[in-house]
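Q: Chains A and B, in that order, give the protein sequences. Those letters in the first sequence? Residues 13 to 154, per this note's numbering, in order. Those letters in the second sequence? Residues 4 to 500, per this note's numbering, in order.
It should be emphasised that the hints constitute simulated quantities derived from the structure, not laboratory data. From the three backbone atoms N, C-alpha and C, an ideal C-beta is built for every residue, glycine too.
To give a feel for the contact side, a few chain A residues facing chain B, derived at Cβ under 8 Å:
#1 55
#2 134
#3 135
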Amino acid sequence: MASQESDRIAAPLANRVATDANAAQIADAMVATWREIDAALTPIIGSQGVVALYKRSLYLTGTAHPWLAGMHEGAQAAIDLAALKSIVAQQSSADAALGGNALLQTFYQLLGSLVGPSLTERLLRSVWADSLSGPPAQDTTR
Amino acid sequence: MTTKVTINRLATGVPGLDEVLGGGLPEFSFNLIAGPPGCGKTTLAHQIMFALATPERPALYFTVLGEPPLKMLRYQQQFDFFDSETINRSIRFINLSDETQEGDLDKVLRRIGAEVEAQGPGLVFVDSFRSVVIADRTEGHSHRNLQQFVQQLGMLMTSWQATTFLIGEYFTEIDANPVFTVADGLIWLRQSVQRNSMVRKLEIMKMRGQPTLPGLHTFRIGSAGLEVFPPAGLAAAAGMQASAPAADARLRTGVPSLDRMLGGGVPRGYSVLVAGPSGSGKSILAAAFLAEGARCGETGVVAVFEQHPRRSRNRVLAGLIDSGRIGLVDSRAPDLSIDEIVLLLMSEISRLKASRVVIDSLSGFELALAPTFREDFRESLSRLVTALAAAGVTVMMTSELEDRYTDLRFSPYGTAFLTDAIIVQRYIEVDSRLLRVMAVVKVRASAHSDELRVFSIDDDGIHVGERLTDQEGLLGGRPTRKPAAGRPRPAAGADDG
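Assemble the whole structure, with the sequences as input and the hints as a guide.
A: Here it is as structure tokens:
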């Protein structure tokens, strides 16, 4: 159950890159995903709200993926995707995929813990729907 | 064909609010929801929005600095009315913090205008308005700017055919704020604090072209959102069809001798006050009244305002409550208002089509009311009795009465005049026993007994005995045996105290 849930949450990334993608490709996919998340959420919760959630997610993910640690430091007016891209590209492809997925999952769960899973799913549906080539996103929710 | 425009009234989806508004919210009106922090403005706005927004009439909710939208969503999504599926479909949230941070009201207005143009909403919310004002850093003339802002916004929205809500904070009522002039509707929320009780109240200070209900209306916020309690009389009118009582129809009380004393039972539709000291048997009489109704196939409602309603209930009544024949109104919610109690009673009465109602007791009822209403207790009680009378039910109310043997009183609070009939119970001392006596003091427009009768209570209920014809001075509490011819005066008889 839990792994299905995390698979689904990680879907945007998994559906954007091939299984044998290198770190640079993963970095591009991550940037694209985060751009969509930013676009979906900023009009609603404001750019400051998105940045705050993004930084908290980095902080939480950094404990298990040390290469992400420290990324949340410093003031940001918007999500610093250039920094994310460059650090992801420096990892091995396995680490990049693991860390990238973990970051997405953490963000999704963080938002869910704040505004509830149902609203979270609704707010981020477009991001997930775009990235899924298979069945539509809403079918995987139950 | 009429040449006048009919203004549609929108149902707000907030229970009781449409009545208070005088029939709903006028379409395309420009409204202000004002009040201090924490009084429920944002919740009211959301509840109205979720009720009214449809794909044909989408809503835009502009969040302006103030409360971070993430937090607002976190708390609002808890409410039952919050339907996530409508977000980004018929409801769109738009955060304006970037525009407001720059402190340029014109820019905020332009952005709102652009979004309205792009989305064509039928409903627009701006939350909160105070943040707009504070953000206005264009030197000095904030009042003039504000007025301009509101006027322009009002003009924009009305011509775009959108029903608009500004959510504002910290307005003072005395302050002749220009915003008040521009707004079509002004909904003011308050928290009235007295001692350590808090009661939420709402007032429609203005609603153009609507017969609103004047005054402060209490409301409560629960998991379903706001519930407004319109004045008691109105709830009754909207309630039920009084089952056209035959004027001379009488209800049996369950105590046959008492029925005879009452002149044949309680006239239908009457309110009866049973007054007596603690333990005299008021609740037992009230329970008998309900049980007799149930026996005759009638339903009833009992409102208890005691600490442990189940424990104090007598067995028969508890059984009837469990079987659903008798409805129980047992609100332990703190700080009740009279309107809320009447609403609770009325909904039970109409649910069960009840004809008998018991309020046990008025003393507990007074304690259950929020302190702010206690000063007007008599007035509240009068509204309650009026509302119940309008519903056509027969009411029995119990009232604790301190036994004072120096005067003959029937009720505290001077409530006696409100009721149609009064039964009084007293303790008397005879032969070193505490006996109970009962009398019918009043039955409006009906002959009734003037006897003071002894009664006893056992497992089967109340048994009314005879008059104590050989005693006198019963109401003094310590009667004396009348000197009777041929009977020796008892040695240990009462002295003349």
